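A.B. asks: As a plain string of letters, each chain reads:
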Amino acid sequence: MDIVIAAVLSTIWLLAVLFFRLNRIWLPYYIVGAVGLAFLFIYVGRNTPIEPALQTAVASGVHFVAQIVNIPTDTFDEAPGALMVLVVSQDIGWTMLQVTVESSGLLESGVVFGMLMFYPAWSTRRRLSYVALALLLTYAANIIRLLVIVATLHFFGKDSLLISHTIIGRAVFFIGVIGIYWFLLTRPTLSAVRAKLDREMATS
Amino acid sequence: MRVSLASTRWLLALGLLAFMLSLSTYFMNSSVAKADVDVAGDDGEEHEEAPTGFGWLEEWEFSGNAGYTDDDDPHAGESHIFIRGRNSSAVRHAEITGESALVLKLWARADSLRSSRALLEVSGDGTRFTQLRRWDRRNDDGPYTFYEFDLTELELSLENEVWIRARIQGGSRNRGELFLDEIELVNSVDQPDPLPDPGSNPITLDGLFGDWTGKAHLPDAAGDQSGSVRLDIAAFYWANNIDEGINYHMLERHTRNGEPYNGSNGQRSWARYIVYIDTNNNGNYEESGDRRAVVTYVPRRNRSLVNVKIYPANSFSKISDSGWNDWGESRNEGGLKVEFALDWEDLGIEFGDVIRMYAVSFTGLSGFPNIVDRVPDGGADIQWSPASVLGPWLLGAASVGGIAVIWFLSRRRKLWT
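Top to bottom, those sequences are chains L and V. Numbering that gives the first Met the number 0 applies: residue 0 is where the first sequence begins, and numbers increase by one. Numbering that gives the first Met the number 0 applies: residue 0 is where the second sequence begins, and numbers increase by one.
Derived by calculation from the structure, the hints in this document are not laboratory data. All figures in this text were calculated on a predicted structure; none of them were measured in a lab. Please note that the accuracy of each hint is not assured.
Said to hold, decoys possible - Quick list of in silico lysine to aspartate or glutamate cross-link-like pairs, EDC-like style, CA-CA up to 20 Å: (1) V:Lys104 / V:Glu120; (2) V:Lys308 / V:Glu285; (3) V:Lys104 / V:Asp149; (4) V:Lys214 / L:Asp197; (5) V:Lys308 / V:Glu258; (6) V:Lys214 / L:Glu77; (7) V:Lys214 / L:Asp73; (8) V:Lys308 / V:Asp320; (9) V:Lys214 / V:Asp149.
With the hints as constraints, model all of the structure from the sequences given.
C.D. replies: Encoded structure:
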């Protein structure tokens with residue numbers, strides 16, 4: 000039943016996007032297109048092995064870097080996204096982190112995917128290369144976020160879990176994602192607008 | 000500017016591709032693996048309780064000089080089956096109705112055959128036997144060897160029962176020996192792999208432990224217990240299934256000699272464990288809201304008895320009692336592992352709660368336990384959120400709060416400008 004609903008909604012979305020495109024109603028075209036594609040991306044990710052694969056990739060990436068900086072962590076083959084961190088402060092022991100949909104980067108990847116794929120006036124090649132770069136940067140920002148959480152837990156104890164996950168980690172990731180959006184969306188837009196203004200001033 | 004037909008087609012193709020991707024997960028082929036389902040077995044040990052082994056219709060029918068012996072180096076355990084001298088034999092049969100893919104597995108060794116022959120045979124009616132394996136002086140006097148025979152390939156008329164016979168043919172009365180150990184008759188059935196993506200193998204309380212492979216756990220060293228080796232914990236596992244308000248756990252203990260399980264060094268005696276749970280994540284395990292789950296595990300020969308009772312941390316008023324269930328390994332399977340479930344309702348926790356926990360093995364009263372082993376060691380514990388740390392409601396509140404802040408700031412900016 001889920002699949003049927005998704006198929007119907009996807010078809011409606013596609014028809015709406017085509018309608019706005021054919022009739023050159025650009026703002027709704029962009030909003031509906033970008034938001035719909037983001038939802039589609041996330042839906043596909045959550046209903047295929049993409050999400051557990053992404054969870055595993057994030058946990059493994061954090062585990063790999065944590066070993067380099069000497070923070071003991073562990074991952075498990077049949078628990079995708081599970082990352083166990085050794086806590087050495089206060090109550091010594093282990094904290095089990097779970098990379099779920101919030102922290103796998105799937106949501107943010109879907110949003111940036113939708114926004115880039117519908118960005119006006121870009122060639123398909125440019126869009127696809129920016130999408131690839133955006134997904135990679137989002138993955139890296141997520142690794143950094145989780146590393147901050149891991150390090151906070153390791154050095155400041157189990158009581159820091161909520162603060163590190165809710166505030167510190169999110170702040171780090173938020174800054175990273177804003178930076179990605181700036182670099183891939185805002186900066187090229189400002190450059191294009193500046194170039195156009197310069198041309199108009201030169202000809203006037 | 001009219002939209003080009005090419006870009007429209009491209010958009011349509013993209014939408015269709017996304018749609019097909021979402022469908023494809025339902026049509027993925029999984030590979031098929033074989034799974035052995037026990038029909039009958041005999042570990043070669045002459046136990047005090049009869050009948051020996053499991054799944055057979057009768058005890059061994061020994062003729063001549065045959066039986067169990069502790070001598071002559073059994074393959075595993077303390078004894079094995081021997082057949083010695085001319086016209087000696089051992090016969091046993093099992094019911095196989097409905098079993099379509101029978102495989103006989105066993106360890107065997109032949110010694111000093113000279114002019115005699117040792118035969119391993121199978122029959123569907125107890126009278127006409129088909130030879131599976133023959134030993135003579137050319138291939139005797141070797142070490143124990145593993146043999147596996149696919150009985151379905153022999154085109155035998157096996158319908159309801161199968162007879163296994165081992166005998167010595169010819170030679171002298173006192174020479175020529177055949178030894179058998181670790182005999183298994185299994186039905187090797189096709190079984191789909193777990194779903195291809197990792198982590199989709201849910202936990203099922205069934206006394207089988209393949210679903211725990213690769214799950215989150217903490218190992219514990221052998222020999223660190225302060226008491227009986229039967230209470231030496233080897234590992235503590237924990238897991239959830241999606242959309243279930245249940246914490247699943249598995250406790251594994253070390254073998255009698257601390258070495259990997261080899262079929263003969265398993266545990267035979269009962270074990271008792273407690274899982275302590277700090278439900279409000281404050282490091283104090285003795286508050287009324289905290290819990291202790293007392294697990295009693297009794298391995299029997301071919302099954303187990305497992306009971307789980309949940310109590311508040313600071314009282315003896317029982318919150319729940321699981322009754323007795325077969326959630327552990329039998330003695331034949333090693334007697335090492337036990338799995339159980341703790342309902343969130345009994346624990347007093349909800350989606351998104353963070354808990355701390357540790358497990359102990361103990362003797363004495365569960366309220367005043369003599370702790371034998373602990374995992375993690377040294378007073379440490381494990382902090383775990385059985386679901387997302389943040390939880391959807393807190394996430395939603397944070398999002399609404401963030402939007403409100405941005406809206407407020409943008410209004411103030413408009414006032415300034």
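A.B. asks: Looking back at the hints listed earlier, which ones does the structure fail to meet?
C.D. replies: As far as the earlier hints go, 4, 5 and 9 are violated by this structure, in ascending order.
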